[in-house]
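J.: In this note's numbering, the protein residues as written are 1 to 176.
Hints may be right or wrong, so weigh each one.
[To be verified] Distance ranges between label pairs, derived from CB positions:
no. : residue 1 : residue 2 : range
1   : 149       : 60        : 34 to 44 Å
2   : 38        : 61        : 34 to 44 Å
3   : 121       : 162       : 20 to 30 Å
4   : 152       : 60        : 39 to 49 Å
5   : 62        : 146       : 36 to 46 Å
6   : 152       : 125       : 20 to 30 Å
7   : 41        : 62        : 37 to 47 Å
8   : 69        : 142       : 15 to 25 Å
9   : 64        : 43        : 31 to 41 Å
10  : 61        : 98        : 37 to 47 Å
Read the hints as simulated data drawn from the structure, not as lab findings. Because the structure is a prediction, the values reported are computed rather than measured. All C-beta atoms, glycine included, are put in the ideal place defined by N, C-alpha and C.
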Amino acid sequence: MLSFLSLLLVAGLLVAGPAWPDQAGLRPPESAVELRSYGFGLIPLDGKFTRFHGWIRYDPANTGACQVMLDIDAGSLTMASETIRDRITGPGMMDVARFPALTFDGRCQGETVTGDLTLHGETHPLVLDTVRSRGTIVATGQIRRAEWGITGSALIGGPTIRIRVTVPDPASGAHI
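Just need the whole structure built from these sequences, with the hints factored in.
T.: And the structure:
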């Protein structure tokens with residue numbers, strides 16, 4: 001019986017994956033989650049989420065590896081135009097009344113973060129390219145709206161949305 005329990009414990013440790021010695025919180029104002037689409041294919045429409053939380057687990061000895069979790073309040077999107085913001089968060093697009101949260105769960109792999117994004121009730125893989133600069137990490141990627149079931153107002157919202165997440169670089173010793 002003891003050897004069976006020992007085997008289960010060892011198997012559980014192997015499945016759990018690597019231990020992450022450090023964890024840093026992701027929240028405003030130290031971090032930012034932004035989006036950009038192009039109205040009429042030309043006019044940049046920028047937005048910023050003001051309510052989100054998450055974490056990044058990392059090993060300072062291996063800056064290319066990490067684990068990331070981020071929960072975003074979809075209704076916290078702010079934009080320069082309230083009319084455009086209401087259109088983007090409304091039932092024809094993000095439909096935040098039915099889908100109030102966006103979530104991302106991913107892992108760093110060298111210069112990218114690969115994971116699953118849940119948006120508009122759909123979960124699909126998303127790859128973000130990362131750039132480290134002056135104590136920050138900027139992760140940027142694009143989604144095709146239709147893949148997440150966001151098909152309304154195609155002319156105003158454009159076919160793609162750029163997502164950009166800026167966080168303090170925990171490897172730089174920046175305070176998070």
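J.: For every hint, state whether the structure bears it out.
T.: Right, here's what the structure says about each hint:
Taking the beta carbon of each, residue 149 and residue 60 are about 40 Å apart, inside 34 to 44 Å as hinted. Checked against the given bound of 34 to 44 Å, the beta carbons of residue 38 and residue 61, roughly 41 Å apart, stay inside it. Between residue 121 and residue 162 the CB atoms are about 21 Å apart, so this pair conforms to the stated range of 20 to 30 Å. For residue 152 paired with residue 60, a C-beta distance near 45 Å keeps the hint of 39 to 49 Å intact.
Between residue 62 and residue 146 the Cβ separation comes to about 37 Å, which falls inside the hinted range of 36 to 46 Å. Hint check: residue 152 to residue 125, Cβ distance near 23 Å, so the stated range 20 to 30 Å holds. For residue 41 and residue 62, the hinted distance range of 37 to 47 Å is satisfied, since their beta carbons lie about 42 Å from each other. The hinted window of 15 to 25 Å between residue 69 and residue 142 holds, with their beta carbons roughly 21 Å apart.
Between residue 64 and residue 43 the beta carbons are some 37 Å apart, a value that agrees with the proposed interval 31 to 41 Å. At about 44 Å, the CB distance of residue 61 to residue 98 agrees with the hint of 37 to 47 Å.
Violated hints for the displayed structure: none, as all numbered hints are satisfied.
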